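From the two separate chains plus the hints, produce the assembled complex.
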Amino acid sequence: MTPLEIAEISLRSIAISGTASIIAAVISIPLSLFLCLRDFKGKNLILEILNSMVSLPTVVIGLLLYYLLTRTGPLGFLDLMYTPIAMVIGQAILIIPLMTIFMERALDSRKDVVEVAISLGASNSQAAHRLFLDSLPGIISSVLVGFNRAIGELGVALMLGGNIKGFTRVMTTAIALEVSKGEFELGISLGFILVCISLLLTSAISRMARR
Amino acid sequence: MIEVINVTYRYREGGGISGINLVVGDEIVSIEGPNGAGKTTLLKVIAGLLKPQSGEVLVDGSRNFKGDVVYVHQRPVMFRTTVMENIIWALRARKIEDAEERAVEAMELMGIYELRNRHAWKLSAGEMQKVSIARALALRPKYLLLDEPTGSLDFSSVESLVSIIRGRKRVLIATHDRDFSEKVADRVVKIRYGRLVP
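Taken in order, these protein sequences are the chains called A and B. All residue numbers for the first sequence refer to my numbering, where the first residue is 1 and numbers rise by one. All residue numbers for the second sequence refer to my numbering, where the first residue is 212 and numbers rise by one.
These are calculated hints, taken from the structure and not from any lab test. The structure presented is a predicted model; accordingly, all values stated were derived computationally and were not measured. Idealized CB from N, CA, C, for every residue including glycine. Take the hints with a grain of salt, since some may be wrong.
Claimed, not checked - Partial chain A-side listing against chain B, Cβ under 8 Å, derived: (1) Ile-118; (2) Gln-126; (3) Met-208.
Bound conformation, chain B alone (with noise of 0.2 Å):
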C-alpha cells in the first residue's frame, strides 16, 4: 500500500503540491488534471524522485522503498543504446537473474521485439514511450507509476495499453485523457492547483 502523508513539495518558482493526503492499494488509480495542476510532482515524490518538504511517503509501511516504485516519465528519455539494452540495464543493474527472459517478455507485451536491435534515440515518440513502459514492466515492481503514458501513443497502442494495465494492479497514473482514465482506472483522483478535490 502506498500512503501519502499530508504531502507538501513547493517549487520556487511557483507550483507543485500542497497538503497531499492518498491511500493506493491493490488497484489503479488515476489522477487527473490541467496541465500543471501537480500531478507529475506527486508522482515524482511517491517515487521518491523529489523529496517533499513536509509530510511523507511510506510503501507497505516503510521509508525505504527503492525499487518497489517505478516511475515511467512523461517524456520518454532513452538510453544511448539499443532498445534490448535499455529495457536490460536496470535488470542488470539490479542484479536479476533472469534479465533476458524479462526483457523479451516485457518488449513481446509492449509489442517492440522487432525493435530490440534499433537505437533507441532514433526512435519515433510512440516507439519511445512503449521501451519507456517496457523498460519499467521488466522490472516488475510493485507499484507501477506511469505519466501521461497515452501521451505519444496511437488509438490501437492506448487499447493494448488499457489492457496491459488492466492485467495488473497497484498502477498510479497521471493523465488528462479522461476517456483511457475512465477505461482503465479503478478509481480516479482529482487534482487541480496542487491540492485534491472531491
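Bound conformation, chain A alone (with noise of 0.2 Å):
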C-alpha cells in the first residue's frame, strides 16, 4: 500500500464519519433538548432504550441497513448498497444514539440556567438556545465521541461499503484486509494512524471549543 493509498483512506475515513456525525449532530441536538427540558410519560423508557442501543454491536445495525439497501430489499431501487453514502447512513445511526445520551448529560448539568434566564424574562425559546449556548463546549465534546466510535467502526464500514478499493474503502477496512492478509505490520502501522487522526481532531476541535 502506498502513502498515496493511505493518505486517500485516511481523508476518506475522515469524510465519511465526519459526515456521519454532523448529521447525528443534527438530529441529536435537538432530540437531547427537548428529552433535557420536557417532562413527560415515557421519558426515562426512552432514556434506557438509547442507553441500551449504546452498545448494539455495528454489525446488527450494519445487517438491517444491508437488508433495507439490498437490491431487494425495501429501499433497494435507492441503489445505495456499497456507497459512501450507505456507509455515512449508517454510521449516523449507529451514533445517535450515543451523541444523545452524551448530550443530555450535558445539557441537564447546565439545566439551572433555563430557570435563571425564564427568571429574567427570557422566552422558553430564548432559555432554550441559552442552555444551548452554555453546554456547548459538552455538546462538543459529545460530537467528538459519536465521530470516534464513527471511525473506529468496522461493522457497519464493511457490511454497507464492502471495502471497495478507491471507492469506500477506509481505515478499519483497510485494517481489517490487511490482517486478512497475515500483513499484521501494516494493520497495525494503519491502526497507529487511525489513533493520531482521532487524537489529533479531537484535541484540535477540543481547544477549540474550550477557547
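See below:
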C-alpha cells in the first residue's frame, strides 16, 4: 500500500465519519434538548432505550441496513448499497443514541440556567438557546465521542461499504483486509494512523471548544 | 401590588408551602424563617417559576406578569460568558434598547464594573452573587425578589446592598439573616413549616 493510498483512505475515513457525525449532531441536538427540557410520560423509557442502543453491535446495525438497502430490500431502488452514502447513513444511525445520551447529560448538568433565564424574563426558546450556548463544550465533546465511535467502527463500514478500493475503503476495513492477508505490521501501522487522526482531531476541536 | 392568594405548593417528597396569603405593595418585605421553612418556594411561586397547586398570584391585578417580577437565586448561576454578557443577555433577550448603558449602570451600582470582562463562572461566590443581583437590577423590574442575597457577601458588601435596596421599593427578600432583615425591611413576615406565622 503506497503512502498516497494511505492518505486517500485516511481522508475518506474522515469525510465519511465527519459527515455522519454532522448528520447525527443535527438530529441529536434538538432531541437531547427536548429530552432535557420536557418532562413527559415515557421519558425514562426513551432514555433507557437510547442507553441500551449505545451497546448495540455495529454488525447488527449493518445487517439491518443491509436488509433495507440491498437490491431486493425495501429501499433497494435507491441503489445505495456499497456506496459512501450508505456508510454515512449507517454510521449516523450508529452514533445518534450515543451522541444524544452524552448531550442530554451535558445539558442536564446546566439545566439551572433555564430557570435563571426564565426568571430574568426570557422566553422558553431564548432560555433553551441560552442552555445550548452554556452547554456547548459538552455538546462538542459529545459530537467528538460520536465521531471517534464512527471512525473506529468496522461492522457498518464493511457490510454497507463493501471495502471497495478507491471508493468505500476506509481505515478500519483496510486494517481488516491487511490482517486477513497476514500483513500484521501494515495493519498495526494503519491502526496507529487511525489513533493519531482521532487524537489530533479530538484535541484540536476540544481546544477550540474550550476557547 | 403583589397578591398571593391562598397559595399552596407541596413537593412530592414533602415540604413546600400551604395556604399562604400575602400582599406586597410599595415596600420592602422580608420573609424570615429557618432553612426548609418554604421561603424559596414562596419566592419561586411568586416569580412564576413554580405553578401553585392551588391559589393564585396576581401582580398589579394580572395573572400574566412575566418580566415584571425578577427572582435572584440563592445560589448564583452564571452563564458561561463574561460578566458583561451575563448582565446584558437578558436585556437583549427582552429587546431593551439601552442595554449597554443599563448593564454598566448596574455593574457600577454593585461595584463590579472592573470585573466586566472576566469569565463569570470563574468568580468567587460573593462576586457571583453581586453579578446575579446586578443582572436583575439592570432589568429595572417592577418587583425584585431576592433569595438569601447576603449568603456569600462580606460585611461591606452587605452594607452597600442594604443602601441599594433601601433606594428602591417593591422588594421581597427571603433571608434567615435577622440583622440584615432589620436593617433593610419595612415589614418582616415570618414563615415556619410552609405557613406564615404572626
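Now for the hints, and whether the structure bears them out:
1. Ile-118: holds, 7 Å
2. Gln-126: holds, 5 Å
3. Met-208: violated, 15 Å
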